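Chemist: Protein chains in written order, with the numbering used here: chain A, 33 to 308; chain B, 13 to 449; chain C, 2 to 291.
These are calculated hints, taken from the structure and not from any lab test. Predicted, not measured: the structure shown is a model, and the values here were computed from it. Please note that the accuracy of each hint is not assured.
Lysine-lysine pairs mimicking DSS-like chemistry, simulated, CA-CA at most 25 Å apart [claimed, not checked]:
no., chain 1, residue 1, chain 2, residue 2
1, B, K325, A, K254
2, B, K338, B, K62
3, C, K100, A, K296
4, B, K67, A, K254
5, B, K268, B, K234
6, B, K347, B, K369
Over 10 Å on every C-beta distance to chain A, these chain C residues come out as not near it, computed from the model [to be verified]:
no., residue
7, T33
8, F38
9, L43
10, V52
11, N55
12, F61
13, L68
14, G79
15, A120
16, F128
17, N133
18, Q146
19, L173
20, A263
21, A278
Ranges between beta-carbon positions, derived for each pair [unchecked claim]:
no., chain 1, residue 1, chain 2, residue 2, range
22, B, S114, A, W143, 15 to 25 Å
23, B, T289, C, W51, 37 to 47 Å
24, B, E169, C, G78, 14 to 24 Å
25, A, P78, C, T86, 44 to 54 Å
26, A, G167, B, K62, 25 to 35 Å
A virtual CB, placed ideally from N, CA and C, is assigned to each residue, including glycine.
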Amino acid sequence: MARALSPRRQLVTTLAAWTVALLIFFPVLWMILTSFKTEASAVAMPPQFLSADWTLENYAEVWARSDYPRFFWNSVVIAVGSTLLGLLVAIPSAWAMAFVPGQRTRDLLMWMLSTKMMPAVAVMVPLYLIFQRLGLLDSRIGLVIVLMLMNLPIIVWMLYTYFKEIPGEILEAARMDGASLWNEIVHVLTPMALPGIASTMLLNIILAWNEAFWTIVLTTTKAAPLSAFIASFSAPQGLFYAKLSAASAMAILPILILGWFSQKQLVRGLTFGAVK
Amino acid sequence: MTISLGALLGATASLALSGAAMAQTTITVATVNNGDMVRMQGLMDDFNAKHPDIKVEWVTLEENVLRQNVTTDIATGGGQYDVITIGTYEVPIWGKQGWLESLNDLPADYDVDDLLPAIRGGLTVDGTLYASPFYGESSMVMYRTDLMEAAGMTMPEAPTWADIEKAAAAMTNKDAGIYGVCLRGKAGWGENTAFITAMSNSFGARWFDENWVPQFDQPEWKATIDFYLNLMNNYGPPGASNNGFNENLTLFQQGKCGMWIDATVAASFVTNPKDSTVADKVGFALAPDNGLGKRGNWLWAWSLAIPASSDAKDAAKTFINWATNKDYLALVASKEGWANVPPGTRTSLYENPEYQKVPFAKMTLESINSADPNNPTVKPVPYVGVQFVAIPEFQGIGTTVGEIFSAALAGQKTADQALAEAQAVVTEEMKASGYIQ
Amino acid sequence: MSTQSSRFAARLMVAPSVALLLIWMIVPLAMTLYYSFRLYRLLSPDRTGWVGFNNYLWFFNSPDFWLALFNTLALVGGVLVITVTLGILIALLIDQPVKGQGFLRILVIAPFFVMPPVAASIWENLFMHPQNGLFSAVARGFGAQPILFLEQYPMWSVIGIVSWEWLPFATLILLTALQSLSSEQLEAAEMDGAGAFARFRYIILPHLTRAITVVILIQTIFLLGIFGEIFTTTQGGPGSASTTLPYMIFKQAIAAKDIGRAAAGGIIAVILANIVAYFLMRGLGRNLNS
Numbered sequence: 033m034a035r036a037l038s039p040r041r042q043l044v045t046t047l048a049a050w051t052v053a054l055l056i057f058f059p060v061l062w063m064i065l066t067s068f069k070t071e072a073s074a075v076a077m078p079p080q081f082l083s084a085d086w087t088l089e090n091y092a093e094v095w096a097r098s099d100y101p102r103f104f105w106n107s108v109v110i111a112v113g114s115t116l117l118g119l120l121v122a123i124p125s126a127w128a129m130a131f132v133p134g135q136r137t138r139d140l141l142m143w144m145l146s147t148k149m150m151p152a153v154a155v156m157v158p159l160y161l162i163f164q165r166l167g168l169l170d171s172r173i174g175l176v177i178v179l180m181l182m183n184l185p186i187i188v189w190m191l192y193t194y195f196k197e198i199p200g201e202i203l204e205a206a207r208m209d210g211a212s213l214w215n216e217i218v219h220v221l222t223p224m225a226l227p228g229i230a231s232t233m234l235l236n237i238i239l240a241w242n243e244a245f246w247t248i249v250l251t252t253t254k255a256a257p258l259s260a261f262i263a264s265f266s267a268p269q270g271l272f273y274a275k276l277s278a279a280s281a282m283a284i285l286p287i288l289i290l291g292w293f294s295q296k297q298l299v300r301g302l303t304f305g306a307v308k
Numbered sequence: 013m014t015i016s017l018g019a020l021l022g023a024t025a026s027l028a029l030s031g032a033a034m035a036q037t038t039i040t041v042a043t044v045n046n047g048d049m050v051r052m053q054g055l056m057d058d059f060n061a062k063h064p065d066i067k068v069e070w071v072t073l074e075e076n077v078l079r080q081n082v083t084t085d086i087a088t089g090g091g092q093y094d095v096i097t098i099g100t101y102e103v104p105i106w107g108k109q110g111w112l113e114s115l116n117d118l119p120a121d122y123d124v125d126d127l128l129p130a131i132r133g134g135l136t137v138d139g140t141l142y143a144s145p146f147y148g149e150s151s152m153v154m155y156r157t158d159l160m161e162a163a164g165m166t167m168p169e170a171p172t173w174a175d176i177e178k179a180a181a182a183m184t185n186k187d188a189g190i191y192g193v194c195l196r197g198k199a200g201w202g203e204n205t206a207f208i209t210a211m212s213n214s215f216g217a218r219w220f221d222e223n224w225v226p227q228f229d230q231p232e233w234k235a236t237i238d239f240y241l242n243l244m245n246n247y248g249p250p251g252a253s254n255n256g257f258n259e260n261l262t263l264f265q266q267g268k269c270g271m272w273i274d275a276t277v278a279a280s281f282v283t284n285p286k287d288s289t290v291a292d293k294v295g296f297a298l299a300p301d302n303g304l305g306k307r308g309n310w311l312w313a314w315s316l317a318i319p320a321s322s323d324a325k326d327a328a329k330t331f332i333n334w335a336t337n338k339d340y341l342a343l344v345a346s347k348e349g350w351a352n353v354p355p356g357t358r359t360s361l362y363e364n365p366e367y368q369k370v371p372f373a374k375m376t377l378e379s380i381n382s383a384d385p386n387n388p389t390v391k392p393v394p395y396v397g398v399q400f401v402a403i404p405e406f407q408g409i410g411t412t413v414g415e416i417f418s419a420a421l422a423g424q425k426t427a428d429q430a431l432a433e434a435q436a437v438v439t440e441e442m443k444a445s446g447y448i449q
Numbered sequence: 002m003s004t005q006s007s008r009f010a011a012r013l014m015v016a017p018s019v020a021l022l023l024i025w026m027i028v029p030l031a032m033t034l035y036y037s038f039r040l041y042r043l044l045s046p047d048r049t050g051w052v053g054f055n056n057y058l059w060f061f062n063s064p065d066f067w068l069a070l071f072n073t074l075a076l077v078g079g080v081l082v083i084t085v086t087l088g089i090l091i092a093l094l095i096d097q098p099v100k101g102q103g104f105l106r107i108l109v110i111a112p113f114f115v116m117p118p119v120a121a122s123i124w125e126n127l128f129m130h131p132q133n134g135l136f137s138a139v140a141r142g143f144g145a146q147p148i149l150f151l152e153q154y155p156m157w158s159v160i161g162i163v164s165w166e167w168l169p170f171a172t173l174i175l176l177t178a179l180q181s182l183s184s185e186q187l188e189a190a191e192m193d194g195a196g197a198f199a200r201f202r203y204i205i206l207p208h209l210t211r212a213i214t215v216v217i218l219i220q221t222i223f224l225l226g227i228f229g230e231i232f233t234t235t236q237g238g239p240g241s242a243s244t245t246l247p248y249m250i251f252k253q254a255i256a257a258k259d260i261g262r263a264a265a266g267g268i269i270a271v272i273l274a275n276i277v278a279y280f281l282m283r284g285l286g287r288n289l290n291s
């Protein structure tokens with residue numbers, strides 16, 4: 033609905049929009065700035081913007097104190113692994129729901145979403161016991177499974193809304209041509225559904241990356257991702273604002289950069305069928 | 013032919029790899045992210061050189077999260093850790109449950125008789141040592157010598173609570189952002205409950221009488237809470253209900269507190285010029301009393317223990333012996349100076365003339381020696397523990413009571429309301445747990 | 002158009018996710034239900050047994066329970082109101098042809114990529130801290146006393162932090178919906194003399210209904226379980242001023258190690274979630290079914 037505006041109004045709108053955007057972004061910016069200050073400079077009053085003592089020491093210290101690459105790699109494996117596994121299970125389901133809808137499809141979707149409403153803390157001990165029996169504690173595969181199940185309803189729902197937007201006639205035409213079910217998916221659906229699948233994937237990688245309950249409860253060392261890395265830097269002794277900021281920046285920057293680079297795909301897909 | 017040769021090479025390589033892995037035992041060590049523990053991780057080269065066959069994996073977590081994970085693991089027999097960091101509250105309870113491995117058979121060079129008796133006693137159940145102290149602490153008064161001087165006052169070596177109040181009033185300068193006294197207000201059995209419980213001992217209060225009947229309705233508790241709230245409301249920093257050990261340490265290091273009554277282990281942090289802006293202006297005194305024969309100081313030791321579910325107990329013992337041996341203290345001293353040695357565990361450390369030069373050494377030792385977990389209160393009690401009650405239920409009720417006191421500090425409740433609520437909650441829990449009818 | 006065989010194929014394709022989610026739901030739920038009637042304290046393993054409804058009664062009798070229930074709903078409701086309102090306003094603003102729109106959008110969505118514990122600790126330590134936070138510096142700059150966010154307004158502080166985290170999500174969905182609105186329709190309305198407010202009220206808002214519904218639905222699901230932000234900042238306090246139902250359960254499970262009570266609380270939370278879901282579906286389901 034973008035429309036042409038008078039130059040003056042455009043200036044005002046631009047200013048307003050930038051102010052709002054900078055306000056929203058400011059906490060992240062302030063955290064990044066703090067991460068480059070010395071501890072003393074980080075808590076100086078009045079706050080220092082340009083006059084601060086800049087240093088890279090915080091990053092060096094955080095890097096030296098923990099095995100960042102391992103946490104990082106675990107985060108990547110868990111986030112990507114759970115998303116891919118989720119897509120594998122969800123794509124056929126969403127496809128079937130979108131193109132062969134039954135009377136209960138809507139209810140089924142709602143039921144799936146409702147499984148997400150169980151508070152994680154309530155099932156913490158039962159799940160811990162199950163994991164222990166199955167030998168899945170502190171394993172990446174265990175976390176991949178848990179996060180996959182947690183996000184599966186969201187994946188199914190997102191995909192369902194995309195697939196529904198693919199016109200049924202195209203399928204009919206393909207069937208007329210005698211395409212098999214497999215061909216139908218590969219040659220007709222996939223190209224049309226790919227943008228939707230891509231943005232579903234992105235959103236779920238972000239959700240899995242940011243999960244900070246099960247990832248801490250169910251891991252110790254081998255499978256611990258960046259959320260556990262952060263837990264080792266929160267509330268230590270003494271002045272820690274700059275070090276906490278540095279560790280925080282290291283934990284969120286990878287996903288922030290991924291998000292920014294792929295924001296077009298993410299945004300295009302982030303509709304959940306909201307657009308009709 | 014080439015293919016099978018490649019396969020053969022691959023097989024040999026993987027065999028060699030698995031051979032190397034077999035020879036090396038991996039142990040998982042869970043620790044808190046406090047200064048001394050982090051320092052130990054920086055000194056691992058020494059351990060690795062002495063014990064190349066043991067590989068140590070660290071799990072470093074914030075105290076609350078660590079406790080949550082370790083407790084869940086040990087109570088369900090999870091077996092995820094080989095060495096865990098626990099305190100004097102957990103050791104007697106877990107030892108009795110059979111969840112911990114006995115440390116009576118540590119090698120002779122460990123020199124168990126060198127441990128401070130008060131600390132050793134807290135980690136021993138029925139003659140069995142279940143954990144080895146990494147550092148021990150009591151609590152004491154840390155104060156700003158420059159501010160006291162400016163106010164024309166001197167801090168007695170063994171102050172009373174009245175002295176503390178006077179000093180707090182004299183040092184408070186809210187316009188300059190200086191608050192006379194910083195005390196714990198953040199809810200938690202290891203946070204404000206620990207402080208207030210130790211404080212209540214010096215007011216003659218106790219958690220339970222000999223029959224496990226809660227005592228929060230008694231005048232001693234009323235006097236404790238009234239004094240605490242009054243002191244904090246008049247001379248404490250704003251927002252104190254969210255301040256725990258770490259928050260207060262930061263404030264003190266920034267020069268915003270006149271006094272801070274807290275763990276003796278903090279002495280080395282507030283006098284370290286690298287982190288503290290007031291490093292050369294800190295004096296120490298014993299925790300205050302009210303002339304009733306008990307001081308408001310506690311006893312705690314962060315200690316290393318081995319869960320019974322560990323599958324690398326020998327390697328774990330080797331590690332514990334390295335980390336809590338006299339040699340480790342010497343190692344830290346050679347690298348970081350005597351002031352940064354983990355304090356409060358060994359008699360020999362306090363007999364060392366080098367260590368006696370450290371300004372807070374004497375006061376730390378006296379504080380530790382004056383705390384008696386087996387006889388913590390003025391009136392008799394059925395429990396062990398100075399700033400806690402060594403029963404499994406205490407984590408829960410201690411935290412709930414801490415929340416109630418924290419709410420009172422935030423001004424949501426009066427002292428009377430808080431105490432009545434604490435009495436009701438603790439009574440109900442003690443009934444539910446079968447201590448009282 | 003669907004034939005018998007395609008129906009069958011469809012069922013087969015839906016089966017894996019349904020089966021997995023059934024297991025994921027039923028197994029922990031059954032265990033939780035079982036424990037909720039048991040005395041099971043991790044630290045006193047010798048004392049176990051059936052206790053009937055005692056664990057449930059403990060929750061209902063606890064003075065904190067109704068407050069926690071209220072706080073849970075206040076958190077969900079508060080965050081929804083803030084994110085939807087601000088989300089609409091920001092979406093309207095950045096939908097305008099402003100300079101540097103791409104970069105602008107990058108800034109606006111940034112909070113969505115920040116891990117909840119990180120978000121909470123940034124806000125707690127760098128902004129809301131009464132001595133060292135930026136807000137207190139601003140207050141002092143104006144000669145005012147710093148606001149004690151976490152002590153005096155703990156629930157509002159938590160709502161504020163969570164709203165910041167979810168604002169990008171709401172904004173993006175609403176923005177996408179806004180962009181699909183045809184500008185002819187708006188221009189026609191403008192020709193007819195409809196003012197800005199009227200255009201918003203009668204054209205834009207109805208167009209956004211579906212998007213708002215989606216935002217409410219998705220966010221409610223996530224918000225009902227929130228406790229990490231509370232754990233990092235206020236720990237439910239002071240007292241129990243910012244304790245929500247999930248946090249109350251967490252305290253039973255973690256602080257008291259009382260698995261029986263935590264399980265009973267979990268079942269109560271599931272029932273609450275289902276009640277909320279029911280009203281959500283009744284109120285919003287229509288908007289989605291078109």
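Chemist: Each hint needs a verdict: does it hold in this structure or not?
Modeler: Results of checking the hints against the structure:
1. A hinted pair counts as satisfied when its Cα atoms are at most 25 Å apart, and K325 (chain B) with K254 (chain A) qualifies at roughly 20 Å.
2. Of the pairs offered as hints, the one joining K338 (chain B) and K62 (chain B) holds, with about 16 Å between alpha carbons and a cut-off of 25 Å not exceeded.
3. About 17 Å separates the Cα atoms of K100 (chain C) and K296 (chain A), which keeps this hinted pair within 25 Å; it holds.
4. The suggested pairing of K67 (chain B) with K254 (chain A) holds, with an alpha-carbon distance near 13 Å, which does not exceed 25 Å.
5. Straight-line distance between C-alpha atoms of K268 (chain B) and K234 (chain B) comes to about 29 Å, which puts the hinted pair past the 25 Å bound.
6. With a C-alpha separation of about 17 Å, the suggested pairing of K347 (chain B) with K369 (chain B) holds against the 25 Å cut-off.
7. Once the 10 Å rule is applied to beta carbons, T33 (chain C) is inconsistent with being away from chain A; the minimum gap is 6 Å.
8. Here F38 (chain C) stays apart from chain A, with its beta-carbon at least about 14 Å from theirs, past the 10 Å limit.
9. The claim that L43 (chain C) is not at the interface with chain A is violated, since a C-beta of that chain comes within 10 Å of its own (minimum 8 Å).
10. At roughly 16 Å, the least C-beta separation between V52 (chain C) and chain A is larger than 10 Å, which holds for a residue marked as non-interface.
11. Every C-beta of chain A lies more than 10 Å from that of N55 (chain C), the closest at about 17 Å, which supports listing it as non-interface.
12. Every CB of chain A lies more than 10 Å from the CB of F61 (chain C), the least distance being 16 Å, so the non-interface label holds.
13. A cut-off of 10 Å between C-beta atoms confirms that L68 (chain C) is not in contact with chain A; the least separation is 17 Å.
14. Remark: the non-interface label on G79 (chain C) is consistent with the geometry, its nearest Cβ contact in chain A lying 18 Å away (cut-off 10 Å).
15. With 10 Å as the threshold on Cβ separation, the claim that A120 (chain C) sits away from chain A is violated: the shortest Cβ distance comes to roughly 8 Å.
16. Distance to chain A contradicts F128 (chain C) as a non-interface residue, since its nearest Cβ pair spans about 7 Å, not more than 10 Å.
17. Annotated as non-interface, N133 (chain C) brings its C-beta within 10 Å of a C-beta of chain A; the closest such distance is 5 Å.
18. The beta carbon of Q146 (chain C) sits about 14 Å from the closest Cβ of chain A, which is more than 10 Å, so the claim that it is off the interface holds.
19. Remark: the non-interface label on L173 (chain C) conflicts with the geometry, its nearest Cβ contact in chain A lying 5 Å away (cut-off 10 Å).
20. Listed as a non-interface residue, A263 (chain C) fails to keep its Cβ farther than 10 Å from every Cβ of chain A; the least gap is roughly 6 Å.
21. With a least beta-carbon separation of about 5 Å from chain A, A278 (chain C) fails to lie farther than 10 Å from that chain, contradicting its non-interface assignment.
22. Remark: the range hint 15 to 25 Å for S114 (chain B) to W143 (chain A) is contradicted by a beta-carbon distance near 52 Å.
23. Between T289 (chain B) and W51 (chain C), the C-beta spacing of about 59 Å breaks the proposed range 37 to 47 Å.
24. A C-beta distance of roughly 57 Å is found between E169 (chain B) and G78 (chain C), which places it outside the suggested range of 14 to 24 Å.
25. Checked against the given bound of 44 to 54 Å, the beta carbons of P78 (chain A) and T86 (chain C), roughly 33 Å apart, lie outside it.
26. G167 (chain A) and K62 (chain B) have their C-beta atoms about 32 Å apart, which keeps the hinted 25 to 35 Å range intact.
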